[in-house]
Amino acid sequence: QKEVEQDPGPLSVPEGAIVSLNCTYSNSAFQYFMWYRQYSRKGPELLMYTYSSGNKEDGRFTAQVDKSSKYISLFIRDSQPSDSATYLCAMSPYNQGGKLIFGQGTELSVKP
Amino acid sequence: DAGVTQSPTHLIKTRGQQVTLRCSPKSGHDTVSWYQQALGQGPQFIFQYYEEEERQRGNFPDRFSGHQFPNYSSELNVNALLLGDSALYLCASSLNPGLNTEAFFGQGTRLTVV
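The listed protein sequences correspond, in order, to chains A and B.
Per this note's numbering, numbering of the first sequence is gapless, rising by one per residue and ending at 143.
Per this note's numbering, numbering of the second sequence is gapless, rising by one per residue and ending at 247.
Treat each hint with caution, since some may be false.
Keeping only pairs whose Cα atoms sit at most 30 angstroms apart, straight-line, the calculated DSSO-like set for lysine-lysine is [as the list claims (entries may be wrong)]:
#, chain 1, residue 1, chain 2, residue 2
1, A, LYS87, A, LYS101
2, A, LYS142, A, LYS98
3, B, LYS146, A, LYS73
4, A, LYS87, A, LYS33
5, A, LYS101, B, LYS146
6, A, LYS142, A, LYS73
Rather than coming from a laboratory, the hints here were simulated on the basis of the structure.
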C-alpha cells in the first residue's frame, strides 16, 4: 500500500464548477501538507501549504486537513480553463522543504 | 531571479551508460533535493544535499549518486542505466533543512533510456 493515495482521474469539469481533489495517507507522522500544481512539461509549483489540521483559504483555493481521518482536500471555486493541470498532494513529517511524499497526481481539465 | 535551473532539458541515453544531470538552486537557497517522476506518477524523493553532504535518501539503489558544490549547485549521477530509469528528474531547492521553507522546483530533465 502506498503511503499517499490520490485518484489519478482524469477529471473533466465545465468552467465555473467547484472542483474537489482529495488524498488519503497512512503515516500518522505527517505534519506538513502541500498541494502542488504541475502544468505539462513544467515542474510542480506550490499552491497551498498547511501545517497540521485545519483549513486554509487563498483566493479561489481552499485546503483542508483532517488528521483524525488521514484525509486532505483541495477545493477550487469558479474553476477556469487556466486551472487545467495535474494537481499533486505532498506530505512530510519534517518540513515543507525536506523529503516530500507525493500522491500520484490528479489530471484536471476545465472546459470553456 | 532565475529560479531553479536544470540542464539539460532532454537527454537520450543507451542502456548501461552513465548520465549526469545538473541543478542550480534558486538564489539564496542552500539545500537541493532530487526527485524522479515517472510518466503518470507523482515525484519520488531520491536524496537531499545540504552543506555538500547527503542528508536524507529515499529508496533508490546505489546507482544513483549525487554531489553538491560549494556554490550550492548539485549533480545527480546515474550509473548502469536501465530502461526503467526513463523519467522526468526534478530538482528542488530550499533553505536550511532545519527551517520550514518552501521547496521550489525546476522544470526538470527528461531522460529517455533506449
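Evaluated hints:
1. A:LYS87 - A:LYS101: Given that 30 angstroms is the threshold and the Cα spacing comes to 17 angstroms, the pair holds.
2. A:LYS142 - A:LYS98: Violated, at roughly 33 angstroms.
3. B:LYS146 - A:LYS73: holds, 21 angstroms
4. A:LYS87 - A:LYS33: Holds. A:LYS87 to A:LYS33 sits at ~26 angstroms (cutoff 30 angstroms).
5. A:LYS101 - B:LYS146: With Cα atoms ~41 angstroms apart, A:LYS101 and B:LYS146 exceed 30 angstroms; violated.
6. A:LYS142 - A:LYS73: holds, 21 angstroms
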